[in-house]
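A.B. asks: If you read the protein sequences in the order shown, they are chains A and B.
Sequential numbering from 3 applies to the first sequence in the working numbering.
Sequential numbering from -1 applies to the second sequence in the working numbering.
Bear in mind the hints are in silico, worked out from the structure with no lab data behind them.
Incorrect hints may have been included.
What the hints assert, rightly or not - Calculated pairs, DSSO-like style, for lysine-lysine (alpha carbon to alpha carbon, straight line, at most 30 angstroms):
1) 131(A) / 143(B)
2) 125(B) / 86(B)
3) 95(A) / 143(B)
4) 124(B) / 39(A)
5) 141(A) / 86(B)
6) 39(A) / 86(B)
7) 68(B) / 266(B)
8) 125(B) / 160(B)
9) 86(B) / 58(A)
10) 239(B) / 58(A)
11) 151(B) / 239(B)
12) 58(A) / 141(A)
13) 160(B) / 39(A)
14) 239(B) / 39(A)
15) 100(A) / 130(A)
16) 160(B) / 86(B)
17) 125(B) / 93(A)
18) 265(B) / 100(A)
19) 141(A) / 39(A)
20) 289(B) / 39(A)
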Amino acid sequence: MNNLKYYIFVSLFIFLINNYSKGQNASFINECNELIKYPFIPDGHDYSAEITQDGKGEFKTTFYGGSTYRIVTCSNLPQGKVIFTIYDNEKNKLFCNKNYNYSSYWDFTFRSTIDCIIEVKFESEIAKKAIIKLIIAFKN
Amino acid sequence: MLTYNNYYKIQLFLIIIFTLLLFGCNKKSTKISNNEPIDEKTDSSTLLVKVNNLVFSIPSPQQAYLFIRKNGIKFNKELINDINNISKYTTSTKKALNIGILGSDLAYLNVFEQIPEAVQYFTSIKKLAIELGIFDSFDQKLIDKIENNLSNKDTLMICISKIYENINAYLKNNQRNGTGMLIIAGGWIESLYILTQATISTGNYEIRNKVGEQKYPLDNLIELLSPYYYYSEDFTQLIDKLIDLAYDFDGVIYNYDYEQPVIDTIKKTTIIRSESKVIISEYHLNVISEKISQIRNEIIN
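Isolated chain A (complex conformation) (with noise of 0.2 angstroms):
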């Protein structure tokens, strides 16, 4: 009897575990979304990387001329401060949040059409795989 117990307990204490990292998830999408608030309206696309230990995630994307666009961030670690940094096609770098207290969100206006690359990392090496959201919402 003492055994099935003992049973019951590990299967809930999993339960529980995969349920809470769930939430967690769930929590951090929820606070990217916060950031969002209208004008700005969601490209529509689910841009995350998954980053190992000093990884980076790279996120190649056009932004048109005349518009106004917020980038977010956010991630899975709640102590992990993400770097989000904006490239041109050559590789002239646009803008790092790093110099700027790693802030979680950012506008751009942009005068013309750009393909740009949108590199994400963390600020310090991680001991196991997390994620890193990224939102691109514009407003015209």
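Fit chain B to the known structure of chain A by using the hints.
C.D. replies: Frame of chain A, contents of chain B only:
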């Protein structure tokens, strides 16, 4: 011989495995009504495809339509797909591509506040999504929000984006990234078609430049689709046609000059002052227009 201790160890192991299976897999059941399911694995972290660790993406079609409206171009119903065509879409590939096309049309209708038509298009998209087995990705709260805000263009715009983001996330979780790629491709094809038609009918210089600027989104779209090149004949043909179109975009002249951005730390804004200039000849505009019309017609008919 199974001892008492071993028996309980096996039981414990089975309970743990069962618990993990029960609660660890959060995938909703996916029903495919007919034809081939488009299911595959490319990347567990994002629907958008990684090539050399780079994830490619294209701008939202809504932006193109907002730009058209901003330039004083009038709404033209003739440009969008007829919803009566949806009964013709019998394969998964056609259904997915047309969800993209109709979604793009829905955005066009919404930008020009064509509300009654927008409702019909949304209903058609729902129908195709059910047939394709992706209706589970339509969040009921979001559907309610759409149905309660049909006269609010801005709320609808956000909801449409959210629905497509949910579809993408759902397809990613269900290892059906290829379907998501086709939806994205359909949306972009429709937006280029509408842009080219608006340019030819009005001669608007700004819209004409916007057509030329599609050179990079097209390259990114090809990169997105390329991992699926050998997945099926439909994918191969679609990618070949887009590559052929990209050769014509090579005739578009694109100049870029980097300039130091201006940063406002208080408002958290940056003005990207780098300048790009696009020159697209009449010849290339016509060729691109003809080719995109042909690609689109093969998808919608």
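A.B. asks: Run every hint past the structure and note whether it holds.
C.D. replies: Checked hints:
| no. | hint | result |
| --- | --- | --- |
| 1 | 131(A) / 143(B) | violated (36 angstroms) |
| 2 | 125(B) / 86(B) | holds (13 angstroms) |
| 3 | 95(A) / 143(B) | violated (40 angstroms) |
| 4 | 124(B) / 39(A) | holds (26 angstroms) |
| 5 | 141(A) / 86(B) | violated (36 angstroms) |
| 6 | 39(A) / 86(B) | violated (39 angstroms) |
| 7 | 68(B) / 266(B) | holds (26 angstroms) |
| 8 | 125(B) / 160(B) | holds (18 angstroms) |
| 9 | 86(B) / 58(A) | violated (44 angstroms) |
| 10 | 239(B) / 58(A) | violated (33 angstroms) |
| 11 | 151(B) / 239(B) | violated (34 angstroms) |
| 12 | 58(A) / 141(A) | holds (28 angstroms) |
| 13 | 160(B) / 39(A) | holds (13 angstroms) |
| 14 | 239(B) / 39(A) | violated (38 angstroms) |
| 15 | 100(A) / 130(A) | holds (22 angstroms) |
| 16 | 160(B) / 86(B) | holds (27 angstroms) |
| 17 | 125(B) / 93(A) | violated (44 angstroms) |
| 18 | 265(B) / 100(A) | holds (16 angstroms) |
| 19 | 141(A) / 39(A) | holds (10 angstroms) |
| 20 | 289(B) / 39(A) | violated (38 angstroms) |
In summary, the numbered hints that this structure violates are 1, 3, 5, 6, 9, 10, 11, 14, 17 and 20.
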